[in-house]
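J.: Single-letter residue listing:
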Amino acid sequence: MLMSNIEIIPGKTITASHGIVSGSTVRAKHVGRDIMAGLKNMVGGELRGYTELLEESRAEAIERMRSQAQQMGANAIVNVRFSTSSVAVGAAEIYVYGTAVTVA
Amino acid sequence: MEFYVLLLLWSVPVVLGFVFGQLAEKRHYRSIHAREKAMLYLPTTSGKLPIMGGQAVRCELVTGSVVVSVDHFKRAAAALRGLVGGPVKSYESLLDRAKREAVLRLKESCGSAHEIVNLRLETVPLSKSAQGGIGAVEVLAFGTAIYVAGPA
Chain E
1 MLMSNIEIIP GKTITASHGI VSGSTVRAKH VGRDIMAGLK NMVGGELRGY
51 TELLEESRAE AIERMRSQAQ QMGANAIVNV RFSTSSVAVG AAEIYVYGTA
101 VTVA
Chain B
105 MEFYVLLLLW SVPVVLGFVF GQLAEKRHYR SIHAREKAML YLPTTSGKLP
155 IMGGQAVRCE LVTGSVVVSV DHFKRAAAAL RGLVGGPVKS YESLLDRAKR
205 EAVLRLKESC GSAHEIVNLR LETVPLSKSA QGGIGAVEVL AFGTAIYVAG
255 PA
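If you read the protein sequences in the order shown, they are chains E and B.
If you count by the numbering used here, then the first sequence holds residues 1 to 104, one letter each, in order.
If you count by the numbering used here, then the second sequence holds residues 105 to 256, one letter each, in order.
Keep in mind that the hints were calculated from the coordinates and are not lab data.
Keep in mind that the hints are not guaranteed to be accurate.
[As the list claims (entries may be wrong)] No farther apart than 25 Å at their CA atoms in a straight line, the calculated lysine-lysine pairs in the BS3-like style are these: (1) B:K152 <-> E:K12; (2) B:K130 <-> B:K193; (3) B:K203 <-> B:K141; (4) E:K29 <-> B:K193; (5) B:K193 <-> B:K203.
Modelling step: build the complete structure from the supplied sequences, incorporating the hints.
T.: Below, the structure is given as structure tokens:
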């Protein structure tokens, strides 16, 4: 599955469009990670546990979008966008969406 | 007596944040400068059209992200700043570091690409967990890496 966040797939031509595909995950953070983050907060800087958590969730959201596009018979997704929002205390939604297309 | 205990409880995290936070920031800036220099060969644009020539053979969606939090010294400095208004330097440098780090991670994930187009940055505040909790932000950089045929 080819993906890009521009309107085209460079070097290919779009032959068919299948509409919007999307994938999302809502992840809660781990108590252990939260405690570690609280300690880390003493000195500030990167919270590695959270970076990893959000990266894993993003990979999963992309995977869901990919399988949806596959079901539609597409072989590429263009104009992919990300959006993250914190829905509740300690939980974040990661949403990724794009347009499924067939390229040749 | 109680007053001194409270003062101690407040000032220890601030002093710790000042000492270790500043050290960490200096170290991080040194690493950012070195890595940015090393990644200079990879042209990057926020436009949608490729700026380099060449026949594209492959493209890939690439991302880089980082979550940073403020330390107690920065928080205290920002609170003082809030009294008179004006630029909050302590937060500016934190967000600057986070954005540059996210872009660097993105570039390092596709070091052999020919160029990166449509680079976008998104900053998301993660909710403060509780009172006195973490004010953390996530910075996400994403773009399209383009590979061309043959040596660049």
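J.: Hint by hint, say whether it matches the structure.
T.: Status of each hint after checking the structure:
1. Simply put, K152 (chain B) and K12 (chain E) have alpha-carbon atoms about 15 Å apart, close enough for the 25 Å limit, and the pair holds.
2. Note on K130 (chain B) and K193 (chain B): the hinted pairing holds, with a Cα-Cα distance of about 15 Å set against a maximum of 25 Å.
3. Annotation: proposed proximity of K203 (chain B) to K141 (chain B) holds, straight-line Cα distance about 16 Å (limit 25 Å).
4. Restraint check: the Cα-Cα separation between K29 (chain E) and K193 (chain B) comes to about 30 Å, which exceeds 25 Å; the hinted pair is violated.
5. Pair hint K193 (chain B) plus K203 (chain B) holds up; C-alpha atoms about 15 Å apart against a cutoff of 25 Å.
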